[in-house]
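Position chain R against the provided structure of chain H, taking the given hints into account.
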Amino acid sequence: MKFKDYYESLGIERGASEEEIKKAYRRLARLYHPDISKEEGAEARFKEISEAYQTLSDPEKRQAYDDLGRHRAGEEFRPSPEWDSRFWQDQPHQEVDLSDLFEQMGFRASQRRSQSGGVDFPIRGHDVEAIAQLSLDEVCHGTQVTLERTGGNVRIRVPKGVVDGERLRIPGRGGHGSGGGADGDVYLHIQLLPHPLFRPVGHDLYVELPLSPWEAVLGAQIEIPTLDGRVQVTVRPGSQGGQKLRLAGKGLPHRGEGAGDLYGVLQIVVPKEINEREQELYRELATASSFQPRPQFTGGTIHG
Amino acid sequence: MADDLLNPVDGETLVESAELLAASGLAHEELVELVEFGVFETNQGDAGWSFHSRVIHQARRVVKLRDAFGLNPPGMALALTYLEKIEALEQRLRELECLLPR
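Quick note, the sequences are listed as chains H and R, same order.
Each residue of the first sequence is one higher than the one before, starting from 62 at the first, in the working numbering.
Each residue of the second sequence is one higher than the one before, starting from 7 at the first, in the working numbering.
Same shape as in the complex, but just chain R:
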């Protein structure tokens, strides 16, 4: 069978709310709250919000946390904020570890 070559989407590509909701399993009201909390960045377009497609990864992550722990939107916002903060610190830690002899 001839296989075809699939091209991933660039993280900067814009997606509409509907695609974000379908791809992540997030409910519309949850999305509104998460945007209000400032955890997802939006671009205000003519037809409503659009998002950088990397937001889909954040949304999927937060949905997995919601389902595993029964989180409400404030809990989801808090969990995602902390996780991203931890990851930024881990990155900084890796950078500092690189300055030490192995």
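So that you can see chain H by itself, here it is in the shape it has in the complex:
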């Protein structure tokens, strides 16, 4: 078993008071709580400090932890036989993580109480939380993901219509309850993988639509990609950069009927290098055109 230094995780001394432990935990939780910090690694750090707090804030578990002695974090160690018989009732713990050890210790303590007092104490099973990273194509058609669990993998159906950040709940399929308690639930957190072309916002999709200056001025028929093949769209003459072309129902499907929209965002792009003939034509255009791109600088209006 690998040792974890719970005091170090919370940045406190081994002799810290209960109040100091609570303060240290809250201070760190404010920085790393997944609802507050979106920084990379914040969630892992929050798990680490929560695990430390769960053990150190419970006097019985803290005592058991302290009795493991001091080791370096990450060091392989084995609790002494006395420790095992006192806190762990000589259960095997070959593959167990330190966090499982302390988590289950709580259950064992309540089971002990229920046995001696004769009162059956229902404990709800653990909830299982997992993350599924899916492509746009997968959420579009619905898919299945496999949740790897000890005791057998399970497959979860992801219906079409889920969006980034959505959480799916499968009741009663988490950890088993004990003493008549209900089984826990499974929660699947959906994360969308980035797509090279489409950017999702809820059920809507955005795609950049680059146009040449003459396409924007004269109008054009252009093909744009959608999730289910290419579609011809009409760009009106005089189109401006930043304008959106809406393709209704070409976004991500909703759970039932219908779908979000696809927006093509017009972006006027110009060639970086042009040949002599092109330069000539642009010069001719510059002379012939009465177009004022910056009327507002000289007292005019942009819409005038």
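Bear in mind the hints are in silico, worked out from the structure with no lab data behind them.
Derived DSBU-like pairs (lysine-lysine); straight-line CA-CA distance at most 30 Å:
#1 H:Lys83 / R:Lys70
#2 R:Lys91 / H:Lys99
#3 H:Lys122 / H:Lys63
#4 H:Lys83 / H:Lys122
#5 H:Lys108 / H:Lys84
#6 H:Lys83 / H:Lys63
#7 R:Lys70 / H:Lys122
#8 H:Lys108 / H:Lys122
#9 R:Lys70 / H:Lys84
#10 R:Lys91 / H:Lys311
#11 R:Lys91 / R:Lys70
#12 H:Lys305 / R:Lys91
#13 H:Lys108 / H:Lys83
#14 R:Lys70 / H:Lys99
#15 H:Lys221 / R:Lys91
#16 H:Lys108 / R:Lys91
#17 R:Lys70 / H:Lys63
#18 H:Lys221 / H:Lys305
#19 R:Lys70 / H:Lys108
#20 H:Lys221 / H:Lys99
#21 H:Lys84 / H:Lys99
#22 R:Lys91 / H:Lys83
#23 H:Lys221 / H:Lys311
#24 H:Lys84 / R:Lys91
#25 H:Lys221 / R:Lys70
#26 H:Lys108 / H:Lys63
#27 H:Lys83 / H:Lys99
Same frame as chain H, now just chain R:
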């Protein structure tokens, strides 16, 4: 071992208060206050309140915040309201970012 295919619950499915409380770890009095604050929408049924099952996710979230920061129900209501407001703004920001060239 043959694995079976699990089906998630639709967010629109209704759940009773008891299921919401069990799944989230929220106390009944806290639920009453949060409903009074208007952070959880209810459907008034014959047998008391029912909720859209997506409320379970809100409730679990608020319970995690309660436990991490020792919040009381007004604090929980405020934190959830702000978080949801921030998320709505983030969504709007993503939408506007999509209008800019990459």
